[in-house]
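Peer 1: Listed below, chain by chain, are the residues.
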Amino acid sequence: MRYLLVCCLLILLIGLMGCTAQPATAVISLSNLEPLPVDIPTEVVPLRVAIAAVISPQGNVDSYGPLLNYLSAKLERPVKLVQRRTYAEINDLIKAGDVDMAFVCTSAYVAGAREFGMQLLAAPQVDGETVYYSVLIVPTDSPAKSIEDLRGGIFAFTDPMSNTGRNYPMHLIQKLGETPDMFFARTFYTYSHDDAIRAVANHVADGAAVDSLVYQFVLARDPELGQRTRIIHQSRPFGIPPVVVGPHVRPQLAAQLQATLIHMADDPDGQAALAAAGLDRFVPITDMVYDSVRELEQAVASTP
Amino acid sequence: MITPDRTAPPLIFQYFWRFAGAVSVRTKILGIVLVLVVLLGVGITVQVRIVLQNALISRLQEQSVSIARDVAARATDLILINDLYALHQLLVETQANNPDVRYAFVVDSNGEIIAHTFGRGFPMALLMANTIAPDDHHQTVELATDEGPVWDTAVPIFNGQAGIARVGVSVDSVRATVAALTGQMLLTTVMVSAVGIAAATLLTWIVTRPILNLKQVAQAVGQGDFSQRITPWAGDEIGELAQAFNTMTAELDEAEQERQERDKLRTRLLEQVITAQEEERKRIARELHDETGQSLTSLMVRMQTMNQKCPVPELKLQIEDARRLIAQTLDNVHNLALELRPSVLDDLGLEAALQRYVQDSRRRYSLEIDLIAIGLEDRLPAPVETALYRIVQEGLTNVARHAQAHTASVLLERRNGRIRLIIEDDGKGFDPLQAASGGRLGLYGMRERAELLNGTVTIESVPGQGTSLFVEVPV
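Protein sequences, first through last, are from chains A and B. Heads up: the first sequence begins at 1 in this note's numbering, then just goes up one per residue. Heads up: the second sequence begins at 1 in this note's numbering, then just goes up one per residue.
There's no promise every hint is true.
Claimed, not checked - Pairwise CB distance ranges (calculated): (1) B:A180 with A:A220: 54 to 62 Å; (2) B:A180 with A:S29: 25 to 33 Å; (3) B:V141 with A:D287: 32 to 40 Å; (4) B:V141 with A:L219: 39 to 47 Å; (5) A:P78 with B:V141: 27 to 35 Å.
Hint data in this document are derived by calculation from the structure and do not stem from the laboratory. Beta carbons: idealized from backbone N, C-alpha and C, even for Gly.
Using the sequences and the hints given, assemble the complete structure.
Peer 2: Dropping the structure here:
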């Protein structure tokens, strides 16, 4: 009888101890605040490569990661990927010499070349061509057949500086004698083409104009987006978005970078990296290719 | 090892029984209720406390994981485009929207803290307190901090390519909730205890009232009052007990009445026997005095005449012898008659009869006897006179036979409607208790006679110091 009592007490005690048991680790003081350690500059200066937000930052890392790794291996120096939300920010970085090489949009190149002497390095070739288009997409179940049918809808622009994502649809609307504010109920910027596609696929926007290369690339990765969107209009061809260097980049480096890019397709490692980014190869390119972009820009800018 | 004592219960139980036996049934029932409610209340409180705390902490862990994953997902682009201010705002808003979040911070792929919610400075000990591999889903650990336990969750951002998000949730709110609930439950226990005590008080009143009633009636019955009955309260065990008790009391009552009837009958019988005895004695005494005495007297007179006329001297001597024998026989007959029933008791009363009896006894027993009679000028009822006479007769006979006394005194006093009779001697005395248990018929007869007249007999005696007999009879 007495042992039963003692047992019951013991069980109760153990039970009570169970709720208050503490892990035996060192106590961390949350009030002991120390200044964060300052960045120690690395001995080796990395090659800073900017990629404009043609596709979303995560998409860029996925697509261009192998390419940057290839460059790093070839140049025997670390490569640092720099991304910003807008094209303009990338251009500012190039202008200030904070990045060495950049993958930019066509209109960003046109503006950079005009404003501070951005130089062409090479252009990617996709499906044997160095041109791309602006495609107008709508959700698959949308009855729209042309830009006119999007009147009163919600429209997604990609970037204020984008050729395919902003200037071309602006141009289409202007040709109708309208302004976006009047024509659409609402517009917004997604700052990347893949997000614009997703916005249309998810009915967040009734329509969007996107880079045809990005559209294909994204659809290849995510075929479901192709089932949920369809193209209702394609522009005339424009010069493909180029790889550029800033005005402060040493000519030797620029030449080295150009050679490396152009010879990538001759190297199995390079081919794999190119395939990851959805590219055939890099080819030399002339400024003339972008005149059509300049014309569109002027046409859009000159219209009140 | 302590071997328990098999012969006696353990000390603790002895104490328990001593305590439990000392308190009333009401206290016991209240104790049962109180112990039960308190044990139940405390037991449930402890159990609920454990269950709730575990459930809340487990939910808090899940919450910490979901917050950390949300932060990691939303931080990815901000880190990739280097929007550190937006990243900082994300952490600050996360903390503002989740009060349990104690801190949040983001470590980039180089292990540098690029945003945190600590303001100026950072507790560097926290940085290495939780680590995670890039392909893990999440890692939650409990950290002991100076502000109490914190569940720290690490989630890789963009598969670790953009760094690690860390979120720490404090268990303060869980503890507060558990403490509040515990308080509430203990309060409820106290309140239920109060209600339980009230209910138990009512219940014990209901239960113990018939018991107390039973006790009172039992006491009354014990004191001879058989008219008391218990009002049955309910059909439960106590009700059955009450009914059984009532039946028993009724039977006792009946038995008592029968006994009283028998007593009365016996008393009447005794009275009749005594009366008959007295009447018979009176008749025999009269017969002896009147018939036998007269015959003997006339026989004696004739013998006298015969003696005077007898010429033969030898014959005359024989006649004279016979006449003396007859005179002696006449004396004996007189004494016998007197002994049986002195006519003087009927004719002159108790005092005269006693005077004569005492005088006679002095002579017969050669004993010094005083007789004092006070307030006996008027005649007493005949049964009282007879009874007192017989008691004195028996008392003095006892003194003469057993006491070996030199003197004895008889005091008879009438006062306040009672007669007191005291017979004392200076004899060897005896033990009254032994005499009572020994069934001395003489004493028993005295007591019977006194009790027939509603009187009492008391004997005081110490061996070697004489004996006193007190009789009191109402008139």
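Peer 1: Regarding A180 of chain B and S29 of chain A, is the given constraint of 25 to 33 Å on their beta-carbon distance met?
Peer 2: Once the Cβ atoms are compared, 28 Å apart, the range 25 to 33 Å for S29 of chain A and A180 of chain B holds.
Peer 1: In this structure, is the beta-carbon distance linking V141 of chain B and L219 of chain A contained in 39 to 47 Å?
Peer 2: holds (42 Å)
Peer 1: I want to verify a distance hint. Is the separation of the beta carbons of A180 of chain B and A220 of chain A within 54 to 62 Å?
Peer 2: Because 57 Å falls inside the window, the suggested range holds.
Peer 1: A range of 27 to 35 Å was offered for this pair. Does it hold for the Cβ distance of P78 of chain A and V141 of chain B?
Peer 2: holds (33 Å)
Peer 1: Just tell me: holds or violated, for the beta carbon distance of V141 of chain B and D287 of chain A against 32 to 40 Å?
Peer 2: violated (57 Å)
Consistency with the previously given hints fails for number 3 only.
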